[in-house]
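S.K.: So you can see what is in the structure, the chains are spelled out below.
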Amino acid sequence: MSTWTARLDNPLSARLRDAAITGYLGIFLGAFAAFLAIPPIEARTITWPILVGIVAMLLGVWTIARGRRRLGWGAFAAGLLGIGLGVLATYSSTDNLNQAFDATLVAQTLGATTPLIFGAMAGIFSERSGVVNIGLEGMMLMGAFWGVYGADKGNTWVVGLALGAAVGGLLALVYAFFAIHLRADQIVGGTAVNFLAVGITGYFFVQLYHNAPVPNGVPLLPNVSIPGLSNTHFLGAAIGDLNILTWAGFALVILTYVVLFKTPIGLRIRSCGEHPRAADTVGINVYAIRYACVVLSGILVAIGGVYLSEGPTGNGTFIFNMSNGLGFIALAAMIFGNWRPAGAFGAALLFGFSNALALRLQIYSTQAGTLFRALPYVLTLVAVAGVIGRTVAPAADGKPYVRQ
Amino acid sequence: MSDPERSSAPEQPAEPGTLAARWNVKQRAGGIAVPIATVLLAFFMGGVVVAATQHSVHKALLAYRDIFNGAGLNWIFHPTTNLLDISAYNLSQTLLQTSTLILTGLAVAFAFRCGMFNIGGQGQYFMGIIVANWIGVSLVGMSSLPHILLALALGTVAGAVWAGIAGVLKATVGAHEVISTIMLNWIAYWFGSWLFGDGGPLQNSTQPTIPISDQVSPGARLPDFWGAQGFQGVHVGVFIALAALVVFWALVNRTTLGYEVRAVGFNPDAAAYGGINVKKNLIRAMAISGAFAGLAGAIDMLGGTTNYQFGQLDIPVSQVGFIGIAVALLGRNTALGTLLGALLFGGLLFGTTHGLNSGAVIQPELAGNLTYIIEGLVILFVGADVLVLWVWNTPRRLFRKRAKPATSTAELPA
Amino acid sequence: MGDHVADELVLEMRGIRKEFPGVVANDDVSFDVRRGEVHALLGENGAGKSTLMNILYGLYRPDAGEIRLNGKPVSFSSARDAIDAGIGMVHQHFMLIPVMTVAENVVLGTEPVRNGIFLDERGADKRVAEMAKTFNFAVDPDAFVEDISVGQQQRVEIMKALYRNADLLILDEPTAVLTPQEASDLFEILQTLRREGISIIFISHKLNEVLEIADRITVLRRGKTIETVPRAGATEASLARAMVGRDVLLRVDKEPAQPGDVLLTVQDLHVRDEREIERVRGVSFDVRAGEIVGIAGVDGNGQTELIDALTGLQRIESGTVTIGGRELSHPDARTALDAGIGHIPEDRQRRGLVLEFTIAENIALHDYAQPPTARFGWLFPRRMIDRARTLIREFDIRGGGPQTRAGGLSGGNQQKLVAAREIDRDPKVLIAAQPTRGLDVGAIEYLHRRLVTERDEGRAILLVSLELDEILSLSDRILVMYEGEIVGEHTGEVSEEAIGLEMLGGREPTAA
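Residue numbers (the numbering used here), protein chains in the order written: chain A, 1 to 404; chain B, 1001 to 1414; chain C, 2001 to 2512.
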C-alpha cells in the first residue's frame, strides 16, 4: 500500500531495478517471442523470436540475481520456450498457422479456461481455510449432470445452474462433515467423493434418461454479445460472444481476491488455514469457517461443471464422466498459482490455452495435440518440485483442527 | 509426583501422529469386524439407492443376488471345471479381475506402510501396460518364456520408476506425494494416448483412428491354466498375483528393508535416531509400491485377449489403480486383507457389469455405476478413523473411570 | 518501588483447586494482583503456575475456588470471555501467523472495517503504529511476522492484548526466548505499561529477573502457595528456599564412587538451536568411568541442546566431544552410537521408541541389520524375540512379552525397555535425560538402582534431570547449568538451597 505509492514516485531506472517488474517483463517477452511468429504478426524469419527471446532470458537471469528466483526462472524458461515455439512456427506454412491461430482461438481458450477458473477459485477457498479438496473433480461432475438435468426439467438454464450448484454444495457438505467433524483423512475423503460422483451421476443419468442421451433443445447458458464489437474483425471473434459464465469467471477471480485479501472475513479464513489455534484464541470459530469455505468451494466448482454441459462446448448433453480430469487440472492451476487468485487465474489461462491449442494442433498431427494435453500436469509437477521456487501451501492445509 | 495406581495403564500419545500409525490403530481397533461392518454399510446404502430408484426393495435384493451370481460365487454351490458353465465362467473372470486388484492394492498398501499415500497406482499401471505392450509387440522373434519374463520385468520396472519420481520429489524437496502422483497419473494417461493414438509410435497397425494398441505377439501371451476354446481363460497371472502377496508379506515382515520401511512409516524421528536413512526409504518404498502396480499392468497386457484402449471421452478407461486404494484401505494394508478386499471388489466389479446384464433386475448400465457408488462409500467410511477410534474406546470407557491418565507432571502445564 | 495508586485489587483468586488425573496441579491457591503492579509468580517446573494462569485465561475451569475481577466474581468458559473481561495473555509459544503482517495479526478477530465490508488496512496500520509509539515498541505494522525478531514478535503478542483493551496482562516465561538485550528492552516496556495503569502477572523461574522487575512475588511449590512477599526484603536466597525447600523423598543407597578413566570429555562446546540462538555457551566438563555426573537446571537452560549435540542429533557449532579417547567431529546419530554412547532420550515416545513396534522390534532398533538378527537383509524374528525375552527378564519389564506392542506398556515399562536396549549395547557413556519423567514410584526406584548398578560396572553416566531430588540422590558430582553455561560444580555433600540458587541464576552471597 504505502510502499506502492513510494514505488510510483521513484524514477524509471529505480523501478526497472525492482526485480519483480523485470521478472514479469521477461515472462511477457518470452511469450511475445513466440507470439511474433504467429498470426496476426506472423514474422517469417527466425531472427525476431530469437532476439526477443534472448532479451527475455537475460531479464530472467537478472531477476534471479536480484533474488526473485521463481519469477526469474519463469522468465528464463519463457524466453527459451518462446524462441523454440517461435522458430517452429516460422517453419510451418502460413496456411496452417492461419488456421491454427486465429481470433476464435482466443474465444476457445477463454471458454476452456472458464471451468478451470471456477475450479481453481473453489480450491483456493477451501484450502486457504485449511481443508484440502481433492474432490473438486467429483463436485464438478455433479454440477455437469445436475445442471443439465435442472435446465431440462425446469425449462430454463437458471434452474439448471441453481440445481447444479446446490448439489455440488451438498456433496461438499458431506465431505466437510467427514473431513472436519470426523477428522477423516482428507485425501481419502476426496478420492471417495470422486468415486461417488462418478457413480451417482452415471446412475441417475441412466435412470432418469432411460439410457438415452439428453434430448435436444435443453436451454443453454447464454452467451453475452458485446454490441459494437462484432464489427471489429479480431476482437469481435475473440471476445465478442463469450458465455455468461466466462464473464462471471473473470468477476469471480476479482471477487476472490477482494474477499480473501481485502475483507475481515478473508483475513479470518486465511488465519484458519495458516494457524488455526491462533485464530481460535482470538475467538474465531475455525470449524464454522472451514465448513463454509468447503461448501462454497463445492458450489463454485459445480458451477464450473454446469458450464461443461450447459455451455457452448457441451451443448446441453451429458457424457459419462464428463469432467474427465478438468477438476484435477483446476487443482493443478491452484497449486501452480501458489494458492493466490491472480496466479491461479494465470495458470488456468495457460492450461486452458494449452487445451484449446491441443485441439487446434490436430491439423499438424494428432500426436502433437495429444501430448499437449499433458502439459498442465507436467508444468505443475515441475512447480511442485520446486525447480522454480517453492510452492507454499497454507501452513495448516490438510491438518484437521482439534479444539482443546 | 506420579500416582502409583496408574502404573499399569498403557502410555499412549494423545493421537497417533503418522499416517501409518493411524492406519495401524484402525487395524488393531476391532480387527476384521470393522472392515466387514464398513462393507455391509456401504452395500446397504447402495441397496437403498437401488430400492429407492427402482421403487422396490425386492429388486434391490434381487440385484444383489445377481451380483453374487455374476461374480460366479454361486460356483461354490456346484463346482465344475467346465468353462461353458456360466457360474464357472463368471468365477474365472472374477479371478482375473481379482488378481489385478491384488496387485494394485498391494501397491497402495506398501506405500502406506511407509507413511505415504500412493494415489498414482493408475498411472503406474498404465506405464506397466505401455512397456509390456511395447516389448510384447516388438521383439517378435524371441522365444516365449524369455519374452514373457522380459515384458513382465520391464513393465514392473516402469511402474517402479514412475512411482520413484514421486518418491524422489518427496525425499529431496518434500513435495507431497499425493500431488505428484496425481499429476503423474494424468501424464501417463496422455502419454499412453499419444503412443497408441493416431500417428503414435505404438499405434495399432490396423485401427489407426482410435487410441488402441497392437496385439501382443502370441509368443508373449501368458498361458492359460483354465481355459476353453473361444473364451478368455484364466491365465497364470493369477498365480503371479498370489505370489506377489507372499512377496509383499515377506518383504514387510521378514526383511531389514521392511523393518526400515515400517519404522519410517510409524515414527521417522525414532527411525532416524536408530540410524535409519529416512529419505532412502521413502524413495525405496514408493518404487516398490509402483513396481506392484506396474506388474499389474504388464500382466493385464500380456494376459488379455483385447488390446489396451486409451479412452476418448466416451470410452471408459480402467480404474483399477483407484480401486486398489479401496482394496488396500479395506484390507488395512496387510497381505491377507488385500487378498480379501481384492476378492470383494473383483467380484463386485465383474458381477455388476455382467451379472446384471440380463436387464431383468436393473439395467446393466446402472449396475456399473452402482459399483462406483459402493466403492465411493467404502472409501469414505474407511477414511473416518475417528469413528473407528470412538467405537474402539467404548468398552474402555465403560469399564474404567478415568478416560486417559495424564502421563507426567512435566507434560502438564506447570 | 512503584508509586502506584491505592492498594486497589484488580484481581483476586481465592482457594483455587484444579486436579488432573493423578495430579493436583493447584491446591487451594490464593493470589491477588493490585492495580498497576507487576506481580511475579515464581516456581519450579510442575509448581502449578501455568495451570493457574490458564484457569484465569479461561482455558480451564477450576474445580473449586473463586475469581474476582475488580471486586466482581467472574467465571470464564473460554478465552473469549477472558479477553472480553480485559485479560490478555502472552503465551510462551506465540500465537502469531508468520505470513501475515504485524497489523493483521494484531487486529485479527476484531478487525476495523471500512464502508461496511472492506478491511480497513490503513486504519489498522495507524492504530498499531499509534500503540507502538505510545508504548515505545519499535515495530513496523507492515512487516511480516516471520521477518521480525523474536523480541519484536513478543511485542506484537503484547499489542494483541492491548488492542483488545486488556488491563491485566499475563506473561508466561517471557524471557525464555529472548536474548539478554531483548529481555531488558522488555522490562522497560513493562515499566511503561505499568505507568499506563496496566497490571502485569509475570510468570518466571528466574530469580534475578523477578527481583528486578516485580513489585510483589508469590511463590508456588507443588501446587500450593508458599508465600507472597513484597520485593523489598526478598533476596535470592530467601526466594530459593521458598521455591526449592521440600521434604526429601528417595535417597538411593549407594557406595561412594570409584571413578576411573575419563570416558567423556566435552571441551568448550557451543550449540545453537534452529533459530540460531546460542543455547550452549562454552560448556566444558568430563565424566569418568564409574561415576554419575548430574546436570541440574531448570528446563530451557541448554540441557536439551547439550544432549542433542552429544548424541549426534544436533549440530555442534564449535568445541569438541571426545569419547573413550576418540574425538568425534560432527557426529550424527549413527557415529555417536558407534562411538559408544547410549542414550535414554527425554522423549521416549518420539525419539526412543516406535510405539507401534513390538518390544522385540524396539530392542533391535539400533542393530536390526546386524547378525544374528539379520543376515543379507533377511530378518530372523525368532532371534529378535529371544534377545528380547532375555532383556525382559533382566530388566523386569512388565505388561507383555516380546511380541507385545510397545505402546501397550505403561510409561515405566516403556522406559525400562529403552534403558534395556541402550544398556545391552554395552555403551561406554550412558546419557540419561529425564529418565524418570512421568513414571510411578516403583519404576523410578528401579531405574535409579539400575543406573547405580551400571555405574558400578564401570560406565560413565551423565544424568540430566529437572528433578533436583533425583540429581541429589544419584549424582556423585553435580554440575549446574544456567543459561547455557556451567555455573557451579559440587562434589560430596551440598545443600539443596545452594544448588537451587545456582539453578535460578543466583549466587550464594559471599560470607560477610
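Keep in mind the hints are simulated off the structure, nothing from the lab. Honestly, I wouldn't trust all of these hints.
Just so you have them, the derived chain B footprint on chain A, three or more residues with Cβ under 8 Å [said to hold, decoys possible]:
id, stretch
1, 46-59
2, 178-184
3, 188-199
4, 371-383
Just so it is clear, CB atoms sit at the ideal spot from N, CA and C, and this is done for glycine as well.
S.K.: Each hint: holds or not?
M.R.: Structure-based check of each hint:
1. 46-59: violated (count 0)
2. 178-184: With 4 residues in contact (Cβ-Cβ under 8 Å with chain B), the coverage given for the stretch 178-184 of chain A holds.
3. 188-199: That given contact holds, which follows from 11 residues of the stretch 188-199 of chain A lying within Cβ reach (below 8 Å) of chain B.
4. 371-383: holds (count 7)
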